[in-house]
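Spelled out, the chains give:
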Amino acid sequence: MEEIWNGLVRALRLIFTFDPEVMQIAWLSIRVAISSTLIASLICVPVGSLIHFNNFRGKRILISIIQTFYSVPTVTVGLFVFILFSNKGPLGGLDIMFTPMVMVIGQVILISPILTGLTITGLSGVDKTIIDTARSMGASNWQTAVAIIKEARFAVMAAVILAFGRAISEVGLAIMVGGNIRGFTRVLTTAISLETSKGDIELSLALGIILIFIALVVNFAMNRIQQRQ
Amino acid sequence: MAFIQTVNLGYKREGRDILKNVNLAVEKGETHALIGPTGAGKTTFLRLIDMLDMPGTGKIFINGVAVSHSEKSRLEIRRRMAFVLQKPVVFNLSVYDNVAYGLKWRGLKKHVIREKVNDILETVELVKYSKRNARTLSGGEMQRVAIARAIATGPEILLLDEPSANLDPVSAAKIEDLISGIIKQNAITVLMSTHDMEQGQRLADRISVLIDGEIVQTGNAREVFTSPKNREVAEFVGMENIIDGEVISNEGNMAAISVYGKTIEAITEHGVDEKVSVCIRPEDVTVSLARLSSSARNVLEGTIIWTAYSGPLCRLEIDCGFPLVSLVTRRSAEEMDLKKGLKVFGTVKAVSIHVIARH
Ligand SMILES: Nc1ncnc2c1ncn2[C@@H]1O[C@H](COP(=O)(O)OP(=O)(O)O)[C@@H](O)[C@H]1O
Ligand SMILES: [Mg+2]
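Chains as they are written, first to last, in our numbering: chain A, 1 to 229; chain B, 1001 to 1359.
Rather than coming from a laboratory, the hints here were simulated on the basis of the structure. Small disclaimer: the values here were computed from a predicted structure and weren't measured. Treat the hints with caution; some may be incorrect.
[Stated by the list, open to error] Dumping the calculated DSS-like pairs for lysine-lysine here, alpha-carbon to alpha-carbon at most 27 Å: (1) B/K1012 / A/K150; (2) A/K150 / B/K1262; (3) B/K1184 / B/K1087; (4) B/K1109 / A/K150; (5) A/K128 / B/K1087; (6) B/K1131 / B/K1109; (7) B/K1020 / B/K1087; (8) A/K59 / B/K1262; (9) B/K1072 / A/K128; (10) B/K1128 / A/K150; (11) B/K1128 / B/K1087; (12) B/K1262 / B/K1343.
Could you put together the complete structure from these sequences and hints?
See below:
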């Protein structure tokens, strides 16, 4: 008990003295997760809209498949990315294995289904009469689509935040393709899982507290958005 | 050709005819009301005119030009119209942005938009809500936003789908005033649907009665009201007494019609032996305790079956071989002490009787 208590005190000290290593790890985590969320959003919101606004054969099945991938295990994505980018892999020539870049790519793949799927759900949640209203007011197809996305903006924002939460809190992928290289690819989750096993409780606790804090902020933002909806 | 003209317009849904051979002509500047019971196809028809849906058969001409299948030309024509949908929905934006949307889509300059929107918000008395999210408005206010949004773009044709249905009486009256103002002030062609016959009469120059997807009758408001073409229209325009009979004589259009053993005199062109229905409005039946010595030809003796008071009026049914519903003022009902079982005389002038063919 005493040990945990002392660990907690030292952990808080690490945070409030802005310990360079702690800050560097936290900052990298946030940067990687924000990058992947932004890139995935730029791809998935338009793709989700395209799927929603077009009628084609197999649309339902496609949406089901997307939804199935919401909870794809992070290590599965890790394995896939590893095979793709490892030395002998088809994209091995890019030589980005064990860099933050490949971690971003992995996270983009990881959160794409949830972002695409929740974009579609958000758009379907818009009252059908709104579409007729927009068209009757003289909106072109394109203008109608933009108006509907605007109507669903809170749902889409919630999806983006949820995706960010999934990206920053995943660990399997970051270890497999990032490698937890100190000062380079070590992020909050990988540091916690590996430092704990090495016995560095206070560092793990400090990083854990920061992760919880980020989770709280994400949750708070989410609630605010849902209230506005 | 009329400004809006449909030719044999038809629309099917799941194999069922929702609209059949609708031929409607609305002249430029006219206000035309489409009346009919719920489910008659009014909304379906207006959606076809606004080109939100494609007709199954037939053609629509707007200003003499047939509506084509190309989305581009449809949009062009649609931009000269405005459609206030039956269920008012607003965008999750400010009242101002809701009204401005249509103008933005037409690529107008910001300052032009601002001027127009503020002008129109004034007209619909929503200036003070300009910045408020339209979702927080009441039903009546939302409907005013919907109307403001529609007229903001200066449409040549305004389509209104039951504009005051689902609103409380006060809001409904306000909306009706607003519409009536728009009709008077603008050289606009209005096609509106309503299931409220009286609203149709108040607002429209002409009325078309749509029943089961077919236009049964078109005419000016008075015509439709006083001379319905068939039983359905008669019921719809408030002819509560529709009694089956047969013409027994007709001299110079003054006919004697036998109904349940009694003879009713009415003005009609239907000839002897023709099967007809006699339509009488409750308010055209005068009730008295003694036989009136008036010029009215039809005096029907019977017993009161029930009375029902509501506000300043009293509705009652007299059994005179057939049921005859009458509407009298509460005052006269109380003076005569009208009640169940009382023997009374119902008097109806021949000219207030409308005769329709029976099939
Ligand atoms: N989305 C729909 N699916 C199936 N049937 C419909 C749909 N919308 C309308 N209908 C049917 O079409 C007919 C006409 O409806 P509508 O045009 O809404 O009538 P009105 O506006 O006169 O009340 C009704 O019988 C209604 O049940
Ligand atoms: Mg309707």
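Quick rundown of the hints versus the structure:
1. B/K1012 / A/K150: violated (34 Å)
2. A/K150 / B/K1262: Roughly 69 Å between the alpha carbons, so the hint for A/K150 and B/K1262 is violated.
3. B/K1184 / B/K1087: Distance ~25 Å between B/K1184 and B/K1087 Cα, so the pair holds.
4. B/K1109 / A/K150: With a Cα-Cα distance of about 21 Å, the restraint between B/K1109 and A/K150 holds, given a limit of 27 Å.
5. A/K128 / B/K1087: holds (11 Å)
6. B/K1131 / B/K1109: holds (20 Å)
7. B/K1020 / B/K1087: At roughly 25 Å apart (the allowed maximum being 27 Å), B/K1087 and B/K1020 satisfy the hint.
8. A/K59 / B/K1262: violated (69 Å)
9. B/K1072 / A/K128: holds (22 Å)
10. B/K1128 / A/K150: Roughly 24 Å between the alpha carbons, so the hint for B/K1128 and A/K150 holds.
11. B/K1128 / B/K1087: holds (24 Å)
12. B/K1262 / B/K1343: holds (17 Å)
In summary, the numbered hints that this structure violates are 1, 2 and 8.
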